[in-house]
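Enquirer: One-letter residues, chain by chain:
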Amino acid sequence: MPLPAIELQQLWKSYDGQPALQGLSLEAYPSEILGLIGPNGAGKTTTLKILVGLLRPDYGIVRVQGHDVLVDPVAYKAELGYMPEAPTLPEYLTPTEFLGYVGRIRNLPKDRIAARTSELLKVLDLAPKADETIASLSKGMKAKVAFAAAIIHEPSILVLDEPLIGIDPAGQHLLKERLMAMAGAGATVLVSTHQLDTAERLCRRVAIVNHGRNIATGDLAALRTQAHTGEEGSLEDVFLRLTEEADVPVVERPRRRGWFRRG
Amino acid sequence: MSRTLTLFTYKLRFFFGPALRGRFGPLAYVGLILIFLPSGFAFGITLGTTVRGADTTTAIGVLASPLAGLLSFGLLYALGAGVTAHASEFDFFLTADVRPREYLAADLLFQLVSLLGAGGLAAGVAALGMVLTMGRPAVAALPLFSLLIVYAFFVLMTSQVLVILRVRFHRIPVRLVSAALLVVSIFPAASLADPAFPVRFADLPLPSTAFAALGLAVLRGAPAPIFDVLLALVYAGGIALGWYALSDTYIVHGLRPTMSAGFGQVDMGSRMEIQRHITARLGGVTTRVRFRPDRGGDTSLMTRLHLVRIWRDGSILFVALFAIIGILSSGAGRNGAGLAGVAAVTQTLTLALGILAINWAFYERDNLWIVLTSAKGPAAYFRGLMLSFAAIGLAASAPFFILLTATQSLRVPIESLAVWIASPIAGGFVAAALLTRIKLKPSALSFAALGIFFFVSLGGILGGLAAEGVLLAARAIGVLAAEAQATILLGFLLAFSALGLWTVTRLAATFRL
Chain F
59 MPLPAIELQQ LWKSYDGQPA LQGLSLEAYP SEILGLIGPN GAGKTTTLKI
109 LVGLLRPDYG IVRVQGHDVL VDPVAYKAEL GYMPEAPTLP EYLTPTEFLG
159 YVGRIRNLPK DRIAARTSEL LKVLDLAPKA DETIASLSKG MKAKVAFAAA
209 IIHEPSILVL DEPLIGIDPA GQHLLKERLM AMAGAGATVL VSTHQLDTAE
259 RLCRRVAIVN HGRNIATGDL AALRTQAHTG EEGSLEDVFL RLTEEADVPV
309 VERPRRRGWF RRG
Chain C
2 MSRTLTLFTY KLRFFFGPAL RGRFGPLAYV GLILIFLPSG FAFGITLGTT
52 VRGADTTTAI GVLASPLAGL LSFGLLYALG AGVTAHASEF DFFLTADVRP
102 REYLAADLLF QLVSLLGAGG LAAGVAALGM VLTMGRPAVA ALPLFSLLIV
152 YAFFVLMTSQ VLVILRVRFH RIPVRLVSAA LLVVSIFPAA SLADPAFPVR
202 FADLPLPSTA FAALGLAVLR GAPAPIFDVL LALVYAGGIA LGWYALSDTY
252 IVHGLRPTMS AGFGQVDMGS RMEIQRHITA RLGGVTTRVR FRPDRGGDTS
302 LMTRLHLVRI WRDGSILFVA LFAIIGILSS GAGRNGAGLA GVAAVTQTLT
352 LALGILAINW AFYERDNLWI VLTSAKGPAA YFRGLMLSFA AIGLAASAPF
402 FILLTATQSL RVPIESLAVW IASPIAGGFV AAALLTRIKL KPSALSFAAL
452 GIFFFVSLGG ILGGLAAEGV LLAARAIGVL AAEAQATILL GFLLAFSALG
502 LWTVTRLAAT FRL
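Heads up: the protein sequence lines correspond to chains F and C, in order.
According to this note's numbering, the first sequence is numbered sequentially starting from 59.
According to this note's numbering, the second sequence is numbered sequentially starting from 2.
Hints are supplied without guarantee of correctness; some may be wrong.
[Unchecked claim] In the DMTMM-like style, the derived pairs of lysine to aspartate or glutamate whose C-alpha atoms are separated by at most 25 Å in a straight line are:
| id | chain 1 | residue 1 | chain 2 | residue 2 |
| --- | --- | --- | --- | --- |
| 1 | C | 377 | F | 74 |
| 2 | C | 377 | C | 367 |
| 3 | F | 168 | C | 295 |
| 4 | C | 440 | C | 367 |
| 5 | F | 168 | C | 299 |
| 6 | F | 197 | C | 92 |
| 7 | C | 440 | F | 116 |
| 8 | F | 187 | F | 143 |
| 9 | C | 442 | F | 143 |
| 10 | F | 180 | C | 92 |
| 11 | C | 377 | F | 277 |
| 12 | C | 377 | F | 65 |
| 13 | F | 197 | C | 367 |
| 14 | F | 187 | C | 295 |
| 15 | F | 234 | F | 169 |
| 16 | F | 187 | C | 92 |
| 17 | F | 168 | F | 126 |
| 18 | F | 180 | F | 169 |
| 19 | C | 440 | F | 74 |
| 20 | C | 377 | F | 143 |
| 21 | F | 168 | F | 189 |
[To be verified] If you want the ones that stay clear, here's a sample from chain C, every Cβ over 12 Å from chain F, calculated:
| id | residue |
| --- | --- |
| 22 | 10 |
| 23 | 19 |
| 24 | 73 |
| 25 | 94 |
| 26 | 138 |
| 27 | 222 |
| 28 | 254 |
| 29 | 284 |
| 30 | 298 |
| 31 | 303 |
| 32 | 369 |
| 33 | 442 |
Worth flagging that the hints you see were computed from the coordinates, not collected in a lab.
Computed from a prediction, not measured in an experiment: that's the story for all the values here.
C-beta atoms are modelled at their ideal positions from N, C-alpha and C, and glycine is treated no differently.
I would like the entire structure built from these sequences, with the hints used as guidance.
Expert: Here you go:
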């Protein structure tokens, strides 16, 4: 078993006293697509935002490729690509300009920016809109632009929050192919989704999150066993069974030590 | 009638409720109204003083101008929305069997009450200032104020009638007619600026002229001229009859949700949608100026990004408007007044920088996820923000100096140059520094928003004064040669910019989205 590319241990996070994460732990490995599924408010987006450094946990450990991201919260991002749920984009730029801008921020060599941007726009069927402002694009096209921005620097870790929302079936197929190709090339892909059939087909393993905890992780066979749904049980059956069974946890929150405490 | 009242109270609650239930209750709202009382009173005294020494024709012109301005706003409003509808009203009220007249009457009442709520008190003290200046008893302000209310009602009704006509008779160019009426109503105001202008308010039977003549009669304690009484009755009565005849026309399909937020609130969704619309519409023109991400260093990249943003999202039009207001208010072009205008131009543009900073906090801040999830950090982004604001301030005030030297063959003194250059740098610095720390809630009345506006403007002014002070200090210690003073100024500006960039870099290091 290789070392995990992403390792989350005992993550705790609350907003104004309302717990969002209650001891969530998770591991994702190179060359795999790990799906993160769960009901609304389960803590998926909070988990992803902590992983990409947009939120700080109240407690817990976050390691990316072996580095504690709470100790060095910047360097690991060089290997990270991120697509948020409902990404806000600079509407005043064209897709070409935006991807070039992200390329610069992501330290892509200047002489590669034009070629890489052009390649992504072509692959994602955005070339005809390359020189119009993002404001004039459809929702699906904007999602594709955000996806292109997440992969422009060919990251080895890709974090996607509901990446397929608003994208047409052909576009979804395109994105899924791309994700599988990246995983095949050794990247780790962590994708949060509500589309269980997509998760079932796309992800090698799935983590089911409920009430801020990871209640089950594994491939479909392992989850079926855990949920006792039999060999014919779909991921939807598994998901419904496990989330129904999982009560609101009665857990004691770790005490804070300083700003936040590490394990 | 009962449904009209229900709709009216819904509108009132929707619009004023958030401000009254806010953290400080009605205090912010009351404070905002009170702010305008002194200026309202001063405006009344100014009008009264002008009217007191003027002949009848000029006095009518002076009084008719603000009334014509009010009518112009009404006509402009009719060109756009004309009816204050909220999206929830479309979903739940306009899909019910509410008669158009019931809804339009509620809207008319709401608009009148809102107008009086926002500016009624200031208008009342303006009327008081006018009658006192004219040597009339304070009670004479009441008929004057009543005339104003009738006129406001006339304007709002006109606006609604034009909207009904536009929706009902879409083949008739109602917008063109509205625009023509707007021009006609405001056109004679030019005679106030240039007495030789051939068209004056008193010469035309405009509604503003009729109401101004009645107001002048009140101010002078003279009987009202019969012709103007009849004219005002024809206008007010005619539009009321027209409104009654047309107001049951079904126009729901032609209305658009225009009221997006309550008083003092900012509806981010709607505002973003409007911003998106502007950017998309301007895209065909604005994308001709390209953003080249593959060139320059990081700070240069970010500076250009912000400049492109301000260029493409339409903010540049707003900056240009401020620059024009600043230049006009400075008195540029009039003999001898130009140099004194430096302060006016600088102050106006620092206000514009304050608003640009608030604009960034509302509409651009969320885009920082792109930078924050990279390994570079946001330092260059904020340095670019500071430099872009400085560049905009400099560029926007440059026409003033060009105008000054071109029209008056003046040699701009170095103190003026110091203020011109240092103010936008200081404004940009304060803006970028504050924006690394302040996150705005979508409320135009929030202290954070007002704080950004105030401190960016103040910082800009103080920066300009500091540069001027350095020059004065240099002179005081005997540095008199122009070259030496220019060197000192350059040194100060470079050191000040470097300090600003360093501070912003430090503050940005701990920025949180």
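Enquirer: Now tell me if each hint is right for this structure.
Expert: We went through each hint and held it up to the structure:
The hinted pair formed by residue 377/C and residue 74/F fails the criterion: a straight-line CA distance of about 30 Å is larger than 25 Å. For the suggested pair residue 377/C and residue 367/C, the alpha carbons sit about 17 Å apart, so the restraint of at most 25 Å is met. Between the alpha carbons of residue 168/F and residue 295/C the distance comes to roughly 5 Å, so the proposed pair stays at or under 25 Å and holds. With a CA separation close to 10 Å, the supplied pair residue 440/C and residue 367/C stays within the 25 Å bound.
For the given pair, residue 168/F sits about 12 Å from residue 299/C by alpha-carbon distance, which is consistent with the 25 Å threshold. A C-alpha spacing of about 24 Å is found between residue 197/F and residue 92/C, which places the hinted pair at or below 25 Å, so the restraint holds. About 21 Å separates the Cα atoms of residue 440/C and residue 116/F, which keeps this hinted pair within 25 Å; it holds. Taking the CA atoms of residue 187/F and residue 143/F, the gap is about 22 Å. The hint holds against a cut of 25 Å.
Under the criterion of a C-alpha separation no larger than 25 Å, the hint pairing residue 442/C with residue 143/F is consistent with the structure, at around 21 Å. Proximity of residue 180/F to residue 92/C is assessed by CA-CA distance (about 41 Å); at most 25 Å being required, the pair is judged violated. With a C-alpha separation of about 36 Å, the suggested pairing of residue 377/C with residue 277/F is violated against the 25 Å cut-off. Taking the CA atoms of residue 377/C and residue 65/F, the gap is about 23 Å. The hint holds against a cut of 25 Å.
Straight-line distance between C-alpha atoms of residue 197/F and residue 367/C comes to about 18 Å, which keeps the hinted pair within the 25 Å bound. With a C-alpha separation of about 20 Å, the suggested pair residue 187/F and residue 295/C falls inside the 25 Å cut-off, and the hint holds. Under the criterion of a C-alpha separation no larger than 25 Å, the hint pairing residue 234/F with residue 169/F is inconsistent with the structure, at around 29 Å. With a CA separation close to 34 Å, the supplied pair residue 187/F and residue 92/C exceeds the 25 Å bound.
Simply put, residue 168/F and residue 126/F have alpha-carbon atoms about 30 Å apart, too far for the 25 Å limit, and the pair is violated. With a C-alpha separation of about 18 Å, the suggested pairing of residue 180/F with residue 169/F holds against the 25 Å cut-off. Proposed proximity of residue 440/C and residue 74/F is supported: the alpha carbons are some 17 Å apart, at most 25 Å. With a C-alpha separation of about 22 Å, the suggested pairing of residue 377/C with residue 143/F holds against the 25 Å cut-off.
Taken as a hint, the residue 168/F and residue 189/F pair is honoured in the structure, with Cα atoms around 19 Å apart against an allowance of 25 Å. No Cβ of chain F approaches the Cβ of residue 10/C within 12 Å, the least distance being about 33 Å, so the stated non-interface status holds. Listed as outside the interface, residue 19/C is consistent with that label: its C-beta sits roughly 21 Å from the nearest C-beta of chain F, beyond the 12 Å cut-off. For residue 73/C, the shortest C-beta to C-beta distance to chain F comes to about 31 Å, beyond the 12 Å cut-off, and the non-interface label holds.
Its beta-carbon lying about 29 Å from the closest one in chain F, residue 94/C satisfies the requirement of being farther than 12 Å from that chain. At roughly 58 Å from the closest C-beta of chain F, the C-beta of residue 138/C stays outside 12 Å, upholding its exclusion from the interface. No Cβ of chain F approaches the Cβ of residue 222/C within 12 Å, the least distance being about 59 Å, so the stated non-interface status holds. Separation of residue 254/C from chain F is adequate, the least Cβ-Cβ distance of about 25 Å exceeding the 12 Å criterion.
Distance check for residue 284/C against chain F: the nearest CB is about 4 Å away, which does not clear 12 Å, and the non-interface claim fails. With 12 Å as the threshold on Cβ separation, the claim that residue 298/C sits away from chain F is violated: the shortest Cβ distance comes to roughly 10 Å. The Cβ of residue 303/C does not lie farther than 12 Å from every Cβ of chain F; its closest approach is about 9 Å, which violates its non-interface assignment. For residue 369/C, the requirement that its beta carbon stay farther than 12 Å from each beta carbon of chain F is not met, with the minimum near 9 Å.
The beta carbon of residue 442/C sits about 15 Å from the closest Cβ of chain F, which is more than 12 Å, so the claim that it is off the interface holds.
The earlier numbered hints that this structure contradicts are 1, 10, 11, 15, 16, 17, 29, 30, 31, 32.
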